[in-house]
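Trainee: Could you build the full structure based on these sequences and the hints that come with them?
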Amino acid sequence: MNAATIFVHGFNGGVDSTGHMISAAQHAGWAKQVMTATITRYGRISITGSEKMDVKNPIIQVLFENNRAPEFVQINWLHSLLILLKREFNVMEYNGVGHSLGSNDLVNEALMYGDDLRVPKLKKLVTIAGPFNGLRGFLHAKPVPALLRMDHRPTHETKHFKRMLKYREHFPKGVQLFNVVGKVEGYFDNDCFVSVNSARSVKYLLHGVLKDYRELLITGEEGYHCSLNHNPMVFNAMNDFLWNDYATLPNMQTRNVPISTEQLNNNETLATNAG
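For the sequence shown, counting from 1, position 67 maps to 67 in full-length UniProt numbering; every step adds exactly one.
The hints are simulated quantities; they were obtained by calculation from the structure and are not laboratory data. Everything hinted at is true.
Below, a list of computed lysine-lysine pairs in the DSS-like style, where the Cα atoms sit at most 27 Å apart:
| # | residue 1 | residue 2 |
| --- | --- | --- |
| 1 | K121 | K211 |
| 2 | K159 | K203 |
| 3 | K56 | K123 |
| 4 | K166 | K211 |
FRET-style restraints, in silico, Cβ to Cβ:
| # | residue 1 | residue 2 | range |
| --- | --- | --- | --- |
| 5 | P232 | G174 | 24 to 32 Å |
| 6 | G208 | T248 | 21 to 29 Å |
| 7 | E93 | S50 | 14 to 22 Å |
We treat Cβ as the ideally placed atom computed from N, Cα and C, and that holds for glycine.
Mentor: See the structure below:
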């Protein structure tokens, strides 16, 4: 059986948060969604779909009924789902794709429960706009070349980040990670929700335990937090990273698209929809 790939939305997110990425993967012929796992606000797991895992690269979309639940609650829900997938559906290996807080959920679940033999083995992670070090660095302002030269280690670490560092040695060995980061021109070093510094800090968080780390920095209008998970460039890079063994992803890519005044105004009105 091929590794199943689970898609996890972020804070205040839902079906559309990962739906476009799933549709792109299916349209390109790389994978097929076989089920949706909805986790209720009480932690109960409801599975809908064909449930047949013997297709080429099966996809599972994860939905949190309470999409504003605290991160540690979502981590435990995700852990319970992974146990269920291995026990009931014989999922032995999995990839994870997360947007925003969904990225944190995937990484932190693997940090906290990496030694748990009840869960499938993690192979690859795609993290998109993950606030790994909270809102630290949100008001920093540096040109892109200077950003890319910066160390991935945060200058100031949040309490949560420091706590996750203690679990580093528990993270599964052999995992490959592709990290997508956004920076909206005309603003400081952030995607309007998450700072570049915070999103890139996952490399330091997992330093010495990852098999491979790749990073894509998108600047300009397409670097907006809620655009990254609807971006065809991200779709193509994600598909290649997860399923195309012949693709070569450079260690760093940048794409600059000028942001319009209209988009800047729209971004200010969307501050409650970061998922």
